[in-house]
Amino acid sequence: MSEFTGKYQRRVRANIREFAIYCSFRRALKQHFAFRKGCDGVVVLVVPKDLQATDYLDAARAELCSSQANMYKNDVGVMVLEDGKKQKWIASEFESESREKRRLIVLSEVREALPAIVRLATDAVTEIPGITARDLQAACKVVLQTTLTEQMAEELLQYPLSSVAAAFRKGRSIGNALKRLREVPSSEAPSGPNAHSDVPRLEDMFGYGPAQTWGMQLAQDLADWKEGKVDWADVDRGILLSGPPGVGKSVFARALARQCDVKLVATSLGQWQATGHLGDLLKAMRRDFGTARDNAPSILFVDEIDSVGNRERFDDYHKSYSTQVVNALLECLDGLGGREGVVVVAATNNPGEIDAAVRRSGRLDRHIEIPLPSPTDRVSILAQHLGCPIRDDEVLDVQLATEGMSGADLSKIARDARRLARRATREVSLEDIRSALPAVAKIEGAHRYALAVHEAGHTVVGLCLNHGTYLGTKIVDQIVIGIDMQRGGAAYFEVPSIARRDRTFYLDWLAVTLAGLAAEELVLGSRGDGAGSDLSTATRLATLFEVNLAMGTSLIYRSGQNEKELEELRRFDPRLVKRVDRLLLEQFERAKNVLQANLPFLERVAEKLVKDGQIDPDQVHRLRS
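If you count the sequence shown from 1, you need to add 1091 to reach the numbering used here.
Do not take every clue at face value.
[Unchecked claim] As a list, the in silico DSS-like pairs of lysine-lysine whose alpha-carbon atoms are at most 27 angstroms apart:
| hint | residue 1 | residue 2 |
| --- | --- | --- |
| 1 | K1503 | K1121 |
| 2 | K1533 | K1503 |
| 3 | K1702 | K1565 |
| 4 | K1683 | K1669 |
| 5 | K1503 | K1232 |
| 6 | K1320 | K1098 |
| 7 | K1410 | K1702 |
| 8 | K1683 | K1565 |
| 9 | K1320 | K1140 |
| 10 | K1232 | K1098 |
| 11 | K1699 | K1533 |
| 12 | K1121 | K1232 |
| 13 | K1128 | K1270 |
| 14 | K1410 | K1374 |
| 15 | K1669 | K1655 |
| 16 | K1128 | K1098 |
| 17 | K1270 | K1317 |
| 18 | K1098 | K1121 |
| 19 | K1683 | K1702 |
| 20 | K1565 | K1655 |
| 21 | K1121 | K1140 |
| 22 | K1565 | K1533 |
| 23 | K1533 | K1702 |
| 24 | K1320 | K1374 |
| 25 | K1140 | K1317 |
| 26 | K1683 | K1699 |
Treat the hints as calculated values from the structure; they're not laboratory data.
Work out the full structure, taking the sequences as your base and the hints as a guide.
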């Protein structure tokens, strides 16, 4: 180690700000493994907007001068590209500085188009991530020998890094330091929760599908609005995001804010309620909308918006309180005091629980569901969290082992893999990833055959009843131990989203849904316990059939859409339960009769699924003929 590097590391261990900056620098450089190991090259590192290139200068020098011999070589160096300089001056300085350099780190404040000569000479361009909560936790642990909770670290990210370093001193309690920071005038505060975020831009994220497309269009619209090219009336005012827990709805908002280069104001009903009674809650709600408006263009993220409730379902005890909350939210969404430049992104796991007025035109009228990530997206998300690619020969194993996982699950796997690597004092490897992945159980033998029979039942009944367009059937080879509600397989039929649907259509749908259980009973002699999803779907459909689709024995309409409401209807109406039960049993027997009449076809489809794990329409039609 050179004398310079030694002095720098001692200085870093004595200053929170220096240590946090060093962590983010190392995280960026980690992506260039060969360069870090001493190979020749030119690497451009783009510094975060809230810091300057000179803040990273000593970290870069220490990296290049790791030994005393390297320190005195003229063929290694660090260069700064300052923002605001004309491109021709940047190009001239770069050409002069890089001409004789074997290894060069370029710290760039230029975030848009680099001069052509820089792009041609550079081996890689990487953005240095912003300071994270984990960086601050590590800094406090090393510099102050004190433990900082993640919640405290997240709060610290809302203040300038220099202020944090000044407030946190040895011998001073964390509570005292936080109190000092909270008393800093707002004019000295940073731009918001995303000021130091290490979340990638939305364009670099995976698994968001249509939501990502919408976000990229919004970023362009906001840029055009800021330049006066379009009116605010032509920009989307907001969006409702739904999806299962862990798919990354809040991460989407942060990535969107970074993509749009605007302030993010993140809030929720829980945060508003924490301020006190109803009057305090309403003040906090209006204050957050006001903050977003004062920092326009901005994005206001409201998490778990379904918690606000639906006025049609409030009980008498809380009705007055809850109605005022909904009305105040509607007032804020309408922007009666002005909402130009504020885009509202709301998230929920239960879109059916949201007041209909919240989703009216001009409010949150656009709704996009974020599904669990696809197999390809899961690999990409995991690689992004790890900061290293996953080898082609490992992709399939990773896809199978992460079946049914959300983005949050994959983030945990990456954390566990990095922890294993840290304990072994080495870079993260694929062995660490394998060790962090959950255990899987192979589906084989009698279990695999039963699964094939079940999905073959859906396939055969769907084809015989002409239930939409058949797309294919598959069964899985293994399941992940410890994850609930995994699908062992599926038969895929596409039905028109807009069409006239009569009583026959819904009866066929019920028969196809129950056909898996019918096939098990017919071929195996008994029904297994893995069809809970089928029974749930069939029971819900049969209840809707009877109470609000005008298909049952009565024309009386009864309100009820989601599972909770339909369960309430069944609970308090024994006659409805009998009608639903009779309908399910009739369609179960109908499916069983269809399968009995096509038993050889059913057995051939099941055998094909056991052998290959999947079957396509052409193969099915050959087996049927």
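Hint by hint, here is what the structure shows:
no., hint, result
1, K1503 x K1121, "holds, 20 angstroms"
2, K1533 x K1503, "holds, 23 angstroms"
3, K1702 x K1565, "holds, 11 angstroms"
4, K1683 x K1669, "holds, 21 angstroms"
5, K1503 x K1232, "holds, 22 angstroms"
6, K1320 x K1098, "violated, 53 angstroms"
7, K1410 x K1702, "violated, 59 angstroms"
8, K1683 x K1565, "holds, 21 angstroms"
9, K1320 x K1140, "holds, 25 angstroms"
10, K1232 x K1098, "holds, 20 angstroms"
11, K1699 x K1533, "holds, 18 angstroms"
12, K1121 x K1232, "holds, 22 angstroms"
13, K1128 x K1270, "violated, 44 angstroms"
14, K1410 x K1374, "holds, 20 angstroms"
15, K1669 x K1655, "holds, 19 angstroms"
16, K1128 x K1098, "holds, 21 angstroms"
17, K1270 x K1317, "violated, 37 angstroms"
18, K1098 x K1121, "holds, 22 angstroms"
19, K1683 x K1702, "holds, 24 angstroms"
20, K1565 x K1655, "violated, 31 angstroms"
21, K1121 x K1140, "holds, 20 angstroms"
22, K1565 x K1533, "holds, 15 angstroms"
23, K1533 x K1702, "holds, 14 angstroms"
24, K1320 x K1374, "violated, 35 angstroms"
25, K1140 x K1317, "holds, 19 angstroms"
26, K1683 x K1699, "holds, 21 angstroms"
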